[in-house]
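> Modelling step: build the complete structure from the supplied sequences, incorporating the hints.
Here is how the chains run, residue by residue.
2 protein chains.
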Amino acid sequence: MKNEGTTLDPDTEEFRKAGHQLVDWIAEYLGHPERHAVLSQVSPGDVKAQFAASPSRHGKSYELLAREFEEKILPGVTHWNHPAFFAYFAITGSQAGILGELLSAALNINGMLWKTSPAATELETVALGWLRDALGLPSSFFGIINDTASINTFLALAAARESLGLSIRREGMTGRELPRLKVYCSDQTHSSIEKAALALGFGSNGVVKIATDESFRMRIDLLVDAIARDRREGALPVAVVATTGTTSTAAVDPVEAIVEITERERIWLHVDAAYGGSIAIIPEFRGFWRGVERADSMVINPHKWLFTPVDCSVLYTRRPDVLKETFSLVPEYLKTTDSAEINYMDYGLQLGRRFRALKLWMVIEHYGIEHLQEVIRGHIAMARRLGENLEAREDVELLAPQSMGVVVFRKIVRDSSGGVDEMASERLTSDLLSTMNASGKLFVSHTRLRDRYGIRVAVGNGATKWEHLEALLKFL
Amino acid sequence: MKNEGTTLDPDTEEFRKAGHQLVDWIAEYLGHPERHAVLSQVSPGDVKAQFAASPSRHGKSYELLAREFEEKILPGVTHWNHPAFFAYFAITGSQAGILGELLSAALNINGMLWKTSPAATELETVALGWLRDALGLPSSFFGIINDTASINTFLALAAARESLGLSIRREGMTGRELPRLKVYCSDQTHSSIEKAALALGFGSNGVVKIATDESFRMRIDLLVDAIARDRREGALPVAVVATTGTTSTAAVDPVEAIVEITERERIWLHVDAAYGGSIAIIPEFRGFWRGVERADSMVINPHKWLFTPVDCSVLYTRRPDVLKETFSLVPEYLKTTDSAEINYMDYGLQLGRRFRALKLWMVIEHYGIEHLQEVIRGHIAMARRLGENLEAREDVELLAPQSMGVVVFRKIVRDSSGGVDEMASERLTSDLLSTMNASGKLFVSHTRLRDRYGIRVAVGNGATKWEHLEALLKFL
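From first to last, the protein sequence lines stand for chains A and B.
When we follow my numbering, the leftmost residue of the first sequence carries the number 1, and every step to the right adds one.
When we follow my numbering, the leftmost residue of the second sequence carries the number 1, and every step to the right adds one.
One or more of the hints may lead you astray.
Claimed, not checked - Derived list of chain B stretches under chain A, where covered just means 3 residues or more per stretch with a C-beta under 8 angstroms from a C-beta of chain A:
hint: 1; stretch: 18 to 32
hint: 2; stretch: 190 to 203
hint: 3; stretch: 306 to 316
Read the hints as simulated data drawn from the structure, not as lab findings.
C-beta: ideal position from N, C-alpha, C; glycine also.
Structure representation (structure tokens):
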């Protein structure tokens, strides 16, 4: 056994060479995303079957690995960078974001404490202050970056649970008499809200899904009724989750009306703006979430529509004290004496914290606010134009009002009396989706609204131009 | 408003140039980490004060941002890459890992579903199969990559809660009669276990910390007593967490004895091998966690001691069905027809999933298992040699048996009768730590064991050689 230490990477020349080649490959890839099928056309097991049962014992050169990547892995990649990726929310990275991520991987710090990299903590504070101002949010909002909206919503609901004053942190939720706990959201709310509620012990029965109006917005009258009924029956409301930009249709719950209720009822309001929040950097669109400044917490994902590579999700809250009371737990080996500064680990579940602020800083500073606004304006304009084009067609029906970057539509088949043949329409629409996605030229996803199957188009990729949507229209 | 779409990155030339410069900078940085102070010497607020109140409106060139990075951010970085970073667990990335992360940022996929990038799902299955075999674990272990051990432990304990058959997923934990729920771990267990328990509604009162023996290993007799007492009092044990490589001293709980108890008592056993698990790739060290193959779940962090950049934590479980029952929740817009394949989103809280398998694959394949073994062998040998050097000194006391890459010691001051002057020893040790860390030449952290303050040295950086530990010895 050696005592002197075998170093992992004896020199940097191989890395330098491989790094240059990789940068060139990426530049070529990003410059020509359309060379690839958007949706990977491999079959289940195809990728796996190409790899040996055991890894290399003696190592492989970067050249060989680059070749394996191109031959074995790349065909199995669905290209989220493709300008005709219209499925889900078209999350979109950026060249600046990639460079930020590269630098972050090289530094490889863990920003759990201020001292474990003061710059990570302070740049997070700076960048989130900038973002908060750009979104028109009040300076009382405290921000923290985590990986996903799933986690940030989970943290917000955990803080809401703690704010009830039931001593849940110390005494837990079982073995004593506690009322049933309820979280309210619309029937269009993202699945992550329900997952968080399950994890936090509210149960799926504790998630009250409020029906939506014809535009898929939460119905305030029904929210009021539900809260009153639950209170009458002895249950305790924990939180209301309003969504500004739902997954299926980018519908916007009426935040201002909801916050009137949550303030009166003293219920935590969490706003899920993971997708829609980004458009608030454009002043003329900012009205959509009026009232958000009175919310207790809010999540927005720069990795969705602010050109930051996954993962980067931001939680803002007016009540960081509650978040800290919920999660802070400092063992001896993490105690520090520089108590003046924030230690972000005190505000969440995860101890490990990548230096995610670096890429967000790179993105905001490299492109500048105006260019970011311009690109998002273009997305919204293109989605609107697509909606108008579709609406003008006799054989197409929009299943929801066009909103933000999202359009949902179906092809319709009329029956002999001129009404819509539901089954035939669904079959035709579903076949159309399959044809589109199998073409490799574009990728759309689907949803179901009031039992109607629709094709969902989300415009949000940084490279998308109108011609890509024209190509979509040709499939009709 | 433009209708044609303003693209974010009109061409790739700037990126290519900036990418090359950044790769060169990183190569230079990784080749000479010792040019920097290990622990950043800035004061709170120093970094923040250098940034303007608002971000750029019109953008900044990559050259300017690179300069700002070097001047404003880098002095605030604590260099986890420095070979004399001995604090916490010296997480250590690698050149291959950086390249993998770069490629992953460029592809920017979300691997939530198989179809959203088949290669992400299947490479994860391949790489985790390789890792499982390299660790000597049985093929019945199902693996999934998440960001941190905090999350993986949380998922494991959530599955344990669900496995109780109390219908917690559907009905929640309150508003009905349920017994108090208990999780057992040693008094040396990592804080993430308690955080997970708080989040899951067990309460801090539900975390039973079992005292440890003279080597800081969980005492089996006390574990048996605690379970029996709790059952007598009507509480329900949810899980036992055994740690193989504790944070303070790298102590190893007796897994084989514990699993005898958890099998008999039908309690979920989770093994926290986040740090220590990596040494199991070396056959001659594998005995330490005997019994782990019978655990219900286990966490190991390749981003700690397997040269993978943060974040990359792996959860293995023999009971993926329970994990899936706990978390699977598939809304319409995420439904797929390719039901034959794994959709990893069904096994966790987070919907968004970076392509982390890519860097793990790069690390394992580029270095090869034998080189990885050799580097870790070297770390363990150096830590042992450091321990022997310290033990031979009259003015030093080891506060725990040397284990894995960890050494904990204090300087001792004798009183007039020849006994240890506790207060003076603590002061001297604490002063020594301050002197070391202020030097910028190395970074150590501290812990407290049986009320004794000690300096903690963790050897685990890929560039560390014996000379760096000799430099540490000189401070004594």
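> Has the stretch 306 to 316 of chain B got at least three residues whose CB is nearer than 8 angstroms to a CB belonging to chain A?
Since three or more residues must qualify, the claim that chain A covers the stretch 306 to 316 of chain B holds, with 5 doing so at under 8 angstroms.
> Check, residue by residue, whether the stretch 190 to 203 of chain B contains three or more positions whose beta-carbon lies closer than 8 angstroms to a beta-carbon of chain A, and give the verdict.
n = 12 at 8 angstroms, threshold three: holds.
> Quick check: the stretch 18 to 32 of chain B, covered by chain A? Criterion 3+ residues, Cβ under 8 angstroms.
holds (count 12)
The earlier numbered hints are all upheld by this structure, with none contradicted.
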